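*Asks:* With the first letter of the sequence shown counted as 1, position 49 gets the number 78 in the working numbering; the numbers rise by one all the way through.
Don't read these hints as lab results, they were simulated from the structure.
Nothing here was measured: the structure is a model prediction, and the numbers come from that model.
A portion of the hints provided could be inaccurate.
[What the hints assert, rightly or not] Capping the alpha-carbon separation at 25 Å, the derived lysine to any residue pairs in SDA-like fashion look like this:
1) Lys120 with Pro107
2) Lys120 with Val67
3) Lys112 with Phe44
4) Lys112 with Gly41
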Amino acid sequence: MIVFDLCCAAGGHRFEAWFASSDSFAEQQGRGLIACPVCGDDEVRKAVVAPRVGAKSNQLSAVPTPPAAAPSASEASPELVRKVIAEIAAKQAEMLPRSRWVGRDFADAARAMHEGRVAEDLIHGQASPEEAQGLRDDGIAAMPLLVPIAPPDAIN
Numbered sequence: 030m031i032v033f034d035l036c037c038a039a040g041g042h043r044f045e046a047w048f049a050s051s052d053s054f055a056e057q058q059g060r061g062l063i064a065c066p067v068c069g070d071d072e073v074r075k076a077v078v079a080p081r082v083g084a085k086s087n088q089l090s091a092v093p094t095p096p097a098a099a100p101s102a103s104e105a106s107p108e109l110v111r112k113v114i115a116e117i118a119a120k121q122a123e124m125l126p127r128s129r130w131v132g133r134d135f136a137d138a139a140r141a142m143h144e145g146r147v148a149e150d151l152i153h154g155q156a157s158p159e160e161a162q163g164l165r166d167d168g169i170a171a172m173p174l175l176v177p178i179a180p181p182d183a184i185n
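With the sequences and hints as input, model every part of the structure.
*Replies:* Below is the structure:
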């Protein structure tokens, strides 16, 4: 697993995300599957970060640090990001019990709701990247859960 600091193009919001590999990030980015958790913008790129290189054991232990630059208005503090993610996770936990698990039929169920054939408010399930892109292309609002959940039949 690898963690990247990411930044959206629309608002310059910075956030962090985990990926199986750098190639996995590139694939998901190319498909537009990564979105800013603050504004939803799917034009996301790796944020510029300064590497932290530890001092060699034979070097001086006191390494001067450059003065910290004042954060711009578009950059969120780590505390704010943690707070926003915690609020999203709490909202997700509140909504899941009121939502119906549709499993692998998520794309079909979302289409049925969008077309008015089903009068449900909330569903959750699984969709392939291609199915998710198809929903987006058809103007159907669907998004991945920020905090992953285990399908009901996979819980011990």
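*Asks:* Could you run down the list of hints and mark each one as holding or not?
*Replies:* Taking the hints in turn, this is what the structure says about them:
Among the hinted pairs, lysine 120 with proline 107 is consistent with the structure: their alpha-carbon atoms are about 20 Å apart, no more than 25 Å. Our distance criterion of 25 Å between C-alpha atoms is met by lysine 120 and valine 67, whose separation comes to about 14 Å. About 12 Å separates the Cα atoms of lysine 112 and phenylalanine 44, which keeps this hinted pair within 25 Å; it holds. Taken as a hint, the lysine 112 and glycine 41 pair is honoured in the structure, with Cα atoms around 18 Å apart against an allowance of 25 Å.
Of the numbered hints given earlier, the model fails none.
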